[in-house]
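Peer 1: Based on these hints, arrange chains L and Y on the given structure of chain C.
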Amino acid sequence: MNIVESLNALNLELPQVSTPGGNYQSVNVRDNIAYVAIQFPIYNEEFRFQGVLGKDLTTDDGTQAMQLCALNVIAQINQKIGFEHILGLNHLDAYYVASDTWDEAPKIVNGASDLFIHVLGEKGNHSRAIMGVLNLPRGFSVGITTSFTLSGKQIGE
Amino acid sequence: MNIVESLNALNLELPQVSTPGGNYQSVNVRDNIAYVAIQFPIYNEEFRFQGVLGKDLTTDDGTQAMQLCALNVIAQINQKIGFEHILGLNHLDAYYVASDTWDEAPKIVNGASDLFIHVLGEKGNHSRAIMGVLNLPRGFSVGITTSFTLSGKQIGE
Amino acid sequence: MNIVESLNALNLELPQVSTPGGNYQSVNVRDNIAYVAIQFPIYNEEFRFQGVLGKDLTTDDGTQAMQLCALNVIAQINQKIGFEHILGLNHLDAYYVASDTWDEAPKIVNGASDLFIHVLGEKGNHSRAIMGVLNLPRGFSVGITTSFTLSGKQIGE
Chain C
1 MNIVESLNAL
11 NLELPQVSTP
21 GGNYQSVNVR
31 DNIAYVAIQF
41 PIYNEEFRFQ
51 GVLGKDLTTD
61 DGTQAMQLCA
71 LNVIAQINQK
81 IGFEHILGLN
91 HLDAYYVASD
101 TWDEAPKIVN
111 GASDLFIHVL
121 GEKGNHSRAI
131 MGVLNLPRGF
141 SVGITTSFTL
151 SGKQIGE
Chain L
1 MNIVESLNAL
11 NLELPQVSTP
21 GGNYQSVNVR
31 DNIAYVAIQF
41 PIYNEEFRFQ
51 GVLGKDLTTD
61 DGTQAMQLCA
71 LNVIAQINQK
81 IGFEHILGLN
91 HLDAYYVASD
101 TWDEAPKIVN
111 GASDLFIHVL
121 GEKGNHSRAI
131 MGVLNLPRGF
141 SVGITTSFTL
151 SGKQIGE
Chain Y
1 MNIVESLNAL
11 NLELPQVSTP
21 GGNYQSVNVR
31 DNIAYVAIQF
41 PIYNEEFRFQ
51 GVLGKDLTTD
61 DGTQAMQLCA
71 LNVIAQINQK
81 IGFEHILGLN
91 HLDAYYVASD
101 TWDEAPKIVN
111 GASDLFIHVL
121 GEKGNHSRAI
131 MGVLNLPRGF
141 SVGITTSFTL
151 SGKQIGE
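Chains C, L and Y, in that order, give the protein sequences. Residue numbers for the first sequence follow the numbering used here, beginning at 1 and rising by one. Residue numbers for the second sequence follow the numbering used here, beginning at 1 and rising by one. Residue numbers for the third sequence follow the numbering used here, beginning at 1 and rising by one.
Where hints are given, some of them may not hold.
[What the hints assert, rightly or not] FRET-style restraints, in silico, Cβ to Cβ:
{"id": "1", "chain 1": "Y", "residue 1": "Val17", "chain 2": "L", "residue 2": "Lys107", "range": "20 to 30 Å"}
{"id": "2", "chain 1": "L", "residue 1": "Glu84", "chain 2": "Y", "residue 2": "Val17", "range": "53 to 63 Å"}
{"id": "3", "chain 1": "L", "residue 1": "Gln79", "chain 2": "C", "residue 2": "Asp60", "range": "29 to 39 Å"}
{"id": "4", "chain 1": "L", "residue 1": "His85", "chain 2": "C", "residue 2": "Ser151", "range": "18 to 28 Å"}
{"id": "5", "chain 1": "C", "residue 1": "Asp60", "chain 2": "L", "residue 2": "Glu122", "range": "40 to 50 Å"}
Since the hints were derived computationally from the structure, they do not count as laboratory data. A virtual CB, placed ideally from N, CA and C, is assigned to each residue, including glycine.
Next comes chain C alone, as it looks inside the complex:
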């Protein structure tokens, strides 16, 4: 079962690959690591889940927002690398914007973690870090930054 079929089984679809909002690459490959730029909860160019968790947005919103960030990561790798060339996900940095009393960050980040593992299997295993930031561009409530290791090592590339 390929990526698209795995997602369809969850009633999910890959979003359109977003274009960089600045002078950078969405996916930058150096040696055998693919560095993926921060992905936000954007669906086909529509900005979603803007605001503050625990104030404007619920925990369930946050989970969906993190899942959408992960879908954007998957769309980027699927289009620019292809998962057949991927050894696996390395690490996930997750950022959230929340009120002082809201403390459900580990739960919502599972929205991303669960999706990676469900869709990619062992290739989706990862370590992660979570931090509550003051703000993110465009008022997004969450964002994630990832990197992947490629399976074919190109020595001296």
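Peer 2: Just chains L and Y, lined up with the frame of chain C:
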């Protein structure tokens, strides 16, 4: 002198290895890099050093909190990899939660940096980044994210 | 045209390499990756661009501040590695401190991104992440963390 003896000479002990608070790996190895999930000031499952530096917690508390984060990193690598397989620590991202007037972050992060270098020698050398975040899960005042390079390169693993 | 000439063509000069403000390395090489510590807008030991974007500092200040961070990264790599040994820039984590209403982060981070690409060409391509933090050491408004891949792979180093 091994890791445990080096720590004992400082009157320190390795904490129990904490279990992930979500669907991720505490240590994720891809090719020759071990990515370690964010470690918090937890001692044998007891949450310590929760609150805001410069308000609820002193600079000395912060130094001890950062040291405890580093002890948790060392415990993870010691159990899951073994330092005999480690080329060295790569980089340390340190997060802190502080009041607006408190500006002792570089000093407290030395609580982690000093420990890595004392216990691991040259293998403990690292670059680092420090950022003051709005909040961290469970009200922790600090956290650190690290990665290590393994000494035995497995090509095409 | 070398790095210094490229910068001079932009009326820019490499700052003096700053010394670490703690027990860490400004550039830490492990296997074929050079990890660079967070660089702040420091020019020859003078702290610049302290304060809050959208309050104490303008968007144009922020762009110059990010550019100065990038100049410090370039100075570090130029002195400690040499760009002839660099395959390229991997990824850029950019931190900013701003008021709630200011939303020009992607624009100011181009101050760093544009400089890397202008001066380094293809070697300057990178992915990036941007996050708005609560505070940074010494009241700096911005900072960036980077890593580079070396061109000569030393297997089993």
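Peer 1: Each hint: holds or not?
Peer 2: Cross-check of the supplied hints:
1. Y/Val17 to L/Lys107: 20 to 30 Å: Holds, at about 22 Å.
2. L/Glu84 to Y/Val17: 53 to 63 Å: For L/Glu84 and Y/Val17 the Cβ distance comes to about 34 Å; the hint is violated.
3. L/Gln79 to C/Asp60: 29 to 39 Å: Hint holds: Cβ distance 35 Å, inside 29 to 39 Å.
4. L/His85 to C/Ser151: 18 to 28 Å: 21 Å, holds
5. C/Asp60 to L/Glu122: 40 to 50 Å: About 48 Å separates the Cβ atoms of C/Asp60 and L/Glu122, which means 40 to 50 Å holds.
In the structure shown, a violation is registered for the earlier hint numbered 2 alone.
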